[in-house]
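> Chain by chain, the residues run as shown.
Number of protein chains: 2
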Amino acid sequence: MDTSQLLKGVLDLAVLAVLRDGDGYGYDVLRRLRQAGLEDVADASVYGTLRRLFQAGALTSYVQPSEEGPHRKYYGLNKTGRDLLAQSTKTWNHFADTMSVLLVEKEAA
Amino acid sequence: MDTSQLLKGVLDLAVLAVLRDGDGYGYDVLRRLRQAGLEDVADASVYGTLRRLFQAGALTSYVQPSEEGPHRKYYGLNKTGRDLLAQSTKTWNHFADTMSVLLVEKEAA
DNA sequence: CCACACTACTACACAAAGCGGAGTACTCCA
DNA sequence: TGGAGTACTCCGCTTTGTGTAGTAGTGTGG
Numbered sequence: 001m002d003t004s005q006l007l008k009g010v011l012d013l014a015v016l017a018v019l020r021d022g023d024g025y026g027y028d029v030l031r032r033l034r035q036a037g038l039e040d041v042a043d044a045s046v047y048g049t050l051r052r053l054f055q056a057g058a059l060t061s062y063v064q065p066s067e068e069g070p071h072r073k074y075y076g077l078n079k080t081g082r083d084l085l086a087q088s089t090k091t092w093n094h095f096a097d098t099m100s101v102l103l104v105e106k107e108a109a
Numbered sequence: 001m002d003t004s005q006l007l008k009g010v011l012d013l014a015v016l017a018v019l020r021d022g023d024g025y026g027y028d029v030l031r032r033l034r035q036a037g038l039e040d041v042a043d044a045s046v047y048g049t050l051r052r053l054f055q056a057g058a059l060t061s062y063v064q065p066s067e068e069g070p071h072r073k074y075y076g077l078n079k080t081g082r083d084l085l086a087q088s089t090k091t092w093n094h095f096a097d098t099m100s101v102l103l104v105e106k107e108a109a
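Top line first, the protein sequences correspond to chains R and E. Counted from 1, the first sequence has number 35 at position 35 by full-length UniProt numbering; the numbering is strictly sequential. Counted from 1, the second sequence has number 17 at position 17 by full-length UniProt numbering; the numbering is strictly sequential.
Fair warning: there could be bad hints in the mix.
The list treats identical chains as one, so a pair stands whether inside a single copy or across any two.
[Stated by the list, open to error] DSS-like cross-link-like pairs, simulated, lysine-lysine; straight-line CA separation at most 30 Å: (1) K79 / K106; (2) K79 / K90; (3) K73 / K106; (4) K106 / K90.
These are computed hints drawn from the structure, not numbers from a lab.
Model the full structure from these sequences, guided by the hints.
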């Protein structure tokens, strides 16, 4: 099974969840996601997701120079983002529950 | 959050799980999925998934006439399908676990 | 008898989203 | 000077679920 297909729609949620623990820039969010167990996430996917969420009005954004490399574009949750995170979490939990029920092998009656 | 995006990659798994409980034809699989809680699945998606899984060699297929309507194209799991179901279930469970950990709000230390 | 609903499937074009690859650019180190 | 690590952008590709339309069979209500 291809892990990348599972991420569809869920990467948004994962990125929002990571940002709940503090503002972060793309490369950093990528590291945090991989550390959390999403090891196969591609960098372009994370940058794309951040851009999309920002454009959707769920994130704030500010650029900060770094002394150890290129500038960093930080993103953080705003109210819309927190609401989206809460709502998406519910949707995800419900969906995951449905799937886990479906996956339980039925005993012969 | 769009439920349809969550289905990506998971619909295969859901269809395989439903077929584990007995052979079924497209319209029937659709009903079983909806009854299981996947209410927003579109019919074209199910037919497409069945075709894809069949072409991938995970399903057997045979046509049977029906007295209450058009003919029915039945699908059933073969060894490849059962293996795929087992493997995909593992992948899904691991993925869902990872996500649930990520979604837990961290307490201030 | 005709319209409609339900069943059952196919085909086609479309859209969303993750990915690979290339490119840019900065810092540090061998 | 040239790699490695950091940090980001852009483009085109692929997969996959969806909407719409079309075909076709059965049964039912006006």
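> Determine for every hint whether it applies to the structure shown.
Hints and how they fare:
{"no.": "1", "hint": "K79 / K106", "in the structure": "between (43 Å within a copy, 19 Å between copies)"}
{"no.": "2", "hint": "K79 / K90", "in the structure": "within (17 Å within a copy, 36 Å between copies)"}
{"no.": "3", "hint": "K73 / K106", "in the structure": "between (50 Å within a copy, 24 Å between copies)"}
{"no.": "4", "hint": "K106 / K90", "in the structure": "both (27 Å within a copy, 17 Å between copies)"}
In summary, this structure violates none of the numbered hints.
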